[in-house]
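Quick mapping for you: the protein sequence lines, in order, are chains A and B. Using the UniProt record's numbering, read the first sequence as starting at 1 and increasing by one per residue. Using the UniProt record's numbering, read the second sequence as starting at 1 and increasing by one per residue.
Possibly wrong hints are sitting among the right ones.
Identical copies carry no separate label here, and so any pair may be met within one copy or between two of them.
Cut-off 27 Å, straight-line C-alpha distance, at most; resulting in silico cross-link-like pairs (DSSO-like, lysine-lysine) [unchecked claim]:
#1 K466 - K78
#2 K317 - K261
#3 K89 - K372
#4 K372 - K317
#5 K182 - K170
#6 K78 - K168
#7 K85 - K290
#8 K208 - K251
#9 K372 - K85
#10 K182 - K429
#11 K175 - K429
#12 K202 - K174
Calculated directly from the structure, the hints in this document are not laboratory data.
Number of protein chains: 2
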Amino acid sequence: MSRKITHFETHDVRFPTSLSGDGTDAMNTECDYSSAYVSIYTDGESPFVGHGMTFTIGRGNEIVCQAIASLANRLIGKDPEELFKSMGKTWDWMCSDPQLRWIGPEKGVIHIAAGAVNNALWDMFARARGKPLWKLVVDMTPEELVDAAAFRYITDAITREEALAMLKAKEAGKKEREATVKELGYPAYVTSAGWLGYSDEKVARLTKEAVAAGFNHFKMKVGADVASDLRRGLIIRSIIDDPQYLPPGSKGRDPNSPELKGKNAGPTGAVLMIDANQVWDVPQAIEYVKSLEAIKPWFIEEPTAPDDILGHAAIRKALKPHGIGVATGEHAHNRMVFKQLLQAEAIDVCQIDSCRLAGVSEVLSVLLMAAKFNIPVCPHAGGVGLCEYVIHLSLIDYIAVSGTMERNVLEFVDHLHEHFLYPCSINSKGRYNVPSNSAEGYSIEMHKQSIAEYEWPNGSYWVSAKGSK
Amino acid sequence: MSRKITHFETHDVRFPTSLSGDGTDAMNTECDYSSAYVSIYTDGESPFVGHGMTFTIGRGNEIVCQAIASLANRLIGKDPEELFKSMGKTWDWMCSDPQLRWIGPEKGVIHIAAGAVNNALWDMFARARGKPLWKLVVDMTPEELVDAAAFRYITDAITREEALAMLKAKEAGKKEREATVKELGYPAYVTSAGWLGYSDEKVARLTKEAVAAGFNHFKMKVGADVASDLRRGLIIRSIIDDPQYLPPGSKGRDPNSPELKGKNAGPTGAVLMIDANQVWDVPQAIEYVKSLEAIKPWFIEEPTAPDDILGHAAIRKALKPHGIGVATGEHAHNRMVFKQLLQAEAIDVCQIDSCRLAGVSEVLSVLLMAAKFNIPVCPHAGGVGLCEYVIHLSLIDYIAVSGTMERNVLEFVDHLHEHFLYPCSINSKGRYNVPSNSAEGYSIEMHKQSIAEYEWPNGSYWVSAKGSK
Chain A
1 MSRKITHFET HDVRFPTSLS GDGTDAMNTE CDYSSAYVSI YTDGESPFVG
51 HGMTFTIGRG NEIVCQAIAS LANRLIGKDP EELFKSMGKT WDWMCSDPQL
101 RWIGPEKGVI HIAAGAVNNA LWDMFARARG KPLWKLVVDM TPEELVDAAA
151 FRYITDAITR EEALAMLKAK EAGKKEREAT VKELGYPAYV TSAGWLGYSD
201 EKVARLTKEA VAAGFNHFKM KVGADVASDL RRGLIIRSII DDPQYLPPGS
251 KGRDPNSPEL KGKNAGPTGA VLMIDANQVW DVPQAIEYVK SLEAIKPWFI
301 EEPTAPDDIL GHAAIRKALK PHGIGVATGE HAHNRMVFKQ LLQAEAIDVC
351 QIDSCRLAGV SEVLSVLLMA AKFNIPVCPH AGGVGLCEYV IHLSLIDYIA
401 VSGTMERNVL EFVDHLHEHF LYPCSINSKG RYNVPSNSAE GYSIEMHKQS
451 IAEYEWPNGS YWVSAKGSK
Chain B
1 MSRKITHFET HDVRFPTSLS GDGTDAMNTE CDYSSAYVSI YTDGESPFVG
51 HGMTFTIGRG NEIVCQAIAS LANRLIGKDP EELFKSMGKT WDWMCSDPQL
101 RWIGPEKGVI HIAAGAVNNA LWDMFARARG KPLWKLVVDM TPEELVDAAA
151 FRYITDAITR EEALAMLKAK EAGKKEREAT VKELGYPAYV TSAGWLGYSD
201 EKVARLTKEA VAAGFNHFKM KVGADVASDL RRGLIIRSII DDPQYLPPGS
251 KGRDPNSPEL KGKNAGPTGA VLMIDANQVW DVPQAIEYVK SLEAIKPWFI
301 EEPTAPDDIL GHAAIRKALK PHGIGVATGE HAHNRMVFKQ LLQAEAIDVC
351 QIDSCRLAGV SEVLSVLLMA AKFNIPVCPH AGGVGLCEYV IHLSLIDYIA
401 VSGTMERNVL EFVDHLHEHF LYPCSINSKG RYNVPSNSAE GYSIEMHKQS
451 IAEYEWPNGS YWVSAKGSK
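Chain A on its own, in the form it takes in the complex (with noise of 0.2 Å):
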């Protein structure tokens, strides 16, 4: 039986996050969580329907959906068989209209919406095949992986064959790790304690409950005032330091452990990481992270422009004496950048995005990549349903292609997640669960309710928003 896809529908849903200070940073001083959302349905007696979506902060949001049908438009009249077959097939077709490639080309607003249209479809796959979509990918053969990725331009650091030897030398240790991650969870770390907008007393009292929660890396943003970012450090340093604040029976971990080597762990294992979001040019990217050396940082993330790998690599080499490593790529907007970024030797740790990167054939090119490069991937989750995307990609890359988990920690932010139907979780430990149902896909499926009321601009929030005005 052959489906046909015949329609799809986008959704522009934003979340008024501005007004609690939530997901402020030194760029970013007023963000509603937003997603361009897509839905893909096909025909049949038992049609197959994929949820996907891109993330961005509010206003421009309209412009990404736009840029969505454009993109899902071509979709029409194809079978999702004939697509599954070869998804990186798909990805470079759906990348190549020879017209919109031009307004990116591979970034900005049509790689992301490229992005939500793919991570549809790997949504419609997995769905498809009753699996959550890491599943999906973890038992594909390293064939059928290499498959599924973007290879277009990479091929100096990494070619198909290689990436093949890659997966085929992990292929043994697979089902083992999965059951390993099954049972302990995959490790997160919080960045909610550490907005730029929050109040002294509510950075110290989130940080206590996320200590007590038993997470034991932390992230705080920087990047407006020195003073200020000191005091802030030093008090989230003061409490994840000690061990008055651990969970009941908890002895902290053993900053001298493999898992925590280099990272500049406290007494407790606590790992503290800054963020500046974009803010410095190069130089003062130096100057300002070297002064915030009493906090003892494992990265500074994003120090400065997303595009500029060299500048990076700069930072990077600045700031080895001072025991201070960099981490990038929330804004990394396609494989080449990370690539260079690798190439370059210019980040410590990689901070692939599940919408930056235009979805998970893209993401899967990159995993490849830092795994070859041996940099441990940390995937970007600071915004709404990214969380529910990342479990899944670092799960493939501890199951499928690295193999390492411990010092792959992965963001959390506890926003939002009553929106999903199949809402990531965080067990007693403070580490991912790992997702199990069958129909949950890619595991961004919205609730209808939620979309009806937060859809701009004629959901029913945003209409009685714009009555209070």
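The hints should help you fit chain B onto chain A, whose structure is shown.
What follows is chain B alone, placed relative to chain A:
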């Protein structure tokens, strides 16, 4: 008398160049040269107006127009004289809506849309002063010019102080250079002979016409088929190197003269460039271009992905022993990319695009960096309206920034100039005339009739084209 910006219009204008094969190359197999066009108006007894555009090749132009509207909306109510006071500050402000920034940042749809708006503001500024855009800028003091540029994220390559010093050193010679270029015109090269979609006969005919018109730099498209490229290249080479095709009275130029040194000029001083429009990965680029050595190109343009700074550097290094250079820039999406191309010594020639960068303010930043790194700027102009734009930019570069002209050939394509009130023009020596109408501003104002005819989808051309399918 203080004015306020009161309204704007956007127009999605598309010219059906795909019908004639104009503009075709190995990547862009089907181009409709299009303009995402914006007009901005003030109130007042003598109201100001500014027209601007960015360039696309068809589908997606509507997405860009929507983004332009989001940005232009922010101008409503602003006093243009306040904006003109520091066009650099205006540019920073335009690019920093914290929510719109996310869907770039500073790349793709939102950035080229910002370019259209910035170009319109510069057009308004120049018209308000009764000068063509180039003259407005070259008449600025060094301080004013520095203040008009975008310096964020590039200060590790050039500081405001360095830029100031560079411009001051060039001050004394400005008047003479202005007189020189008015007399001689600005050197141009043609691409119109070498589009991939043309037959051999058409290529030969157009090349002879170009030689007869006085051009001595020629560009051809490559990348679809090695044998075909070699054949076509040798056809072009045989014509441009043959004195019989020169204009009456011309003896060609000395290939050993300073302005032709290192360009693989033939016996009549003719130079050939090849352009691959990003079709190769790095290893293929190197092999393919080496196999075209017989046609003796000056450089290979866009051998690989525009994001791949390190890739271009690797290609350049590999081709140096073969005497072939590397050029790129028409898809270099912001000044940070150019910064790195220069820092990595990845290019012999810097090919800025008036519409890919976010307007004149960002172009100024790149001109300054290129001058500091001593790399000649040869703007891209294969499109509609781009020639009208880039002559201004090359004049600013020559008169105020780099002081060099003869090596810095400016692309010319002979398409669609009839749609502009102030079309660019070429003199009998194949050189651009200097725009000199006090009313023309940035020379992009389009005839209302052309807009009415080619606006998509409801212009008269597109309505009847649809009807005849």
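Hint by hint, here is what the structure shows:
Taking the closest pair of Cα atoms, K466 and K78 come within 27 Å of each other only across two copies (24 Å); inside a single copy the shortest separation is 41 Å, beyond that limit. Within a single copy, K317 and K261 get their C-alpha atoms as close as 19 Å, which meets the 27 Å cut-off; across copies the closest is 38 Å, which misses it. Within a single copy, K89 and K372 get their C-alpha atoms as close as 23 Å, which meets the 27 Å cut-off; across copies the closest is 43 Å, which misses it. In the homo-oligomer, the alpha carbons of K372 and K317 lie at most 27 Å apart both inside one protomer (21 Å) and across protomers (24 Å), since each shortest distance falls under that limit.
Taking the shortest alpha-carbon separations for K182 and K170, only the intra-copy value of 18 Å comes in at or below 27 Å, while the best inter-copy value is 68 Å. Taking identical chains as interchangeable, the C-alpha atoms of K78 and K168 are never at most 27 Å apart, the minima being 32 Å within one chain and 61 Å between chains. Within a single copy, K85 and K290 get their C-alpha atoms no closer than 50 Å, and across copies no closer than 36 Å, so neither meets the 27 Å cut-off. Within a single copy, K208 and K251 get their C-alpha atoms as close as 15 Å, which meets the 27 Å cut-off; across copies the closest is 83 Å, which misses it.
When the C-alpha separation of K372 and K85 is checked against a cutoff of 27 Å, the pair qualifies only within one copy, where the shortest distance is 26 Å, while the shortest distance between copies is 51 Å. With identical chains, the CA atoms of K182 and K429 are at most 27 Å apart within one copy only, with a shortest distance of 13 Å there and 75 Å across copies. When the C-alpha separation of K175 and K429 is checked against a cutoff of 27 Å, the pair qualifies only within one copy, where the shortest distance is 23 Å, while the shortest distance between copies is 73 Å. Taking the shortest alpha-carbon separations for K202 and K174, neither the intra-copy value of 42 Å nor the inter-copy value of 59 Å comes in at or below 27 Å.
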